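FYI, full-length UniProt numbering numbers position 61 of the sequence shown as 61, with every residue one higher than the one before it.
Hints were generated in silico from the structure; no laboratory data involved. A few of these clues could be false.
As the list claims (entries may be wrong) - Capping the alpha-carbon separation at 25 Å, the derived lysine-lysine pairs in DSS-like fashion look like this:
| hint | residue 1 | residue 2 |
| --- | --- | --- |
| 1 | Lys69 | Lys9 |
| 2 | Lys9 | Lys55 |
| 3 | Lys55 | Lys69 |
Note that the structure is predicted; figures quoted are calculated from it, not measured.
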Amino acid sequence: MPRLTDARKELRRAQIAEAAVRCFGRNGLERTSIAEITAESGLSAGSIYAHYRNKADLVQAAARAVLAKRAAVLDEYAASDVPPDPDELLARLIAAIDPAEARVGVQTWGEATTNPAIRGIVVDMVDRMRAMLHDCVTAWLVKVEHHEPAEARERATPIAHRVLALYQAELLYAALRAATGETVS
Numbered sequence: 001m002p003r004l005t006d007a008r009k010e011l012r013r014a015q016i017a018e019a020a021v022r023c024f025g026r027n028g029l030e031r032t033s034i035a036e037i038t039a040e041s042g043l044s045a046g047s048i049y050a051h052y053r054n055k056a057d058l059v060q061a062a063a064r065a066v067l068a069k070r071a072a073v074l075d076e077y078a079a080s081d082v083p084p085d086p087d088e089l090l091a092r093l094i095a096a097i098d099p100a101e102a103r104v105g106v107q108t109w110g111e112a113t114t115n116p117a118i119r120g121i122v123v124d125m126v127d128r129m130r131a132m133l134h135d136c137v138t139a140w141l142v143k144v145e146h147h148e149p150a151e152a153r154e155r156a157t158p159i160a161h162r163v164l165a166l167y168q169a170e171l172l173y174a175a176l177r178a179a180t181g182e183t184v185s
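Please model the entire structure based on the sequences and the hints provided.
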């Protein structure tokens, strides 16, 4: 059998993680089986286990996949010549919420209260998201509001914290609306 290249391995891992996000979003973390993820991904169980040891690894991969999407958007905002102000940044993040991903996020937060491995993932993801938001707000303060970089970094801290809190509230709202089949508006 031909060996997979590193690039092909990463594509397979992403394919599996995306299937896991869809399954977790539909069925919940607890009720989703590896068999369902296998069927959703179109791969064999052996292929799943060649890339992930267990469901906890898949939860971690799913959380990271969701964050990676947000990271790409936030990096783009921070690097732009005219970064969005905090209100616009929040509006753009809210507009990009995928209801299935929101459900996975909220379920992962709940699981983090009792599962130390998941708690570590969630704390890491929230810290990374906060840091990315901080970078975006700092860039806006420097490039648009013309603050000195040191002052901008200091001022950005509470603003980024509030943006993150409001974003998390919107994720919860989207997850609850998705669970009832309502559309998010």
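Hints and how they fare:
Between Lys69 and Lys9 the alpha-carbon distance is near 19 Å, which keeps this suggested pair within the 25 Å criterion. For the suggested pair Lys9 and Lys55, the alpha carbons sit about 18 Å apart, so the restraint of at most 25 Å is met. Distance check on the hinted pair: Lys55 and Lys69 sit about 21 Å apart at the alpha-carbon level, within 25 Å; holds.
Checked against the numbered hints listed earlier, the structure breaks none of them; every hint is satisfied.
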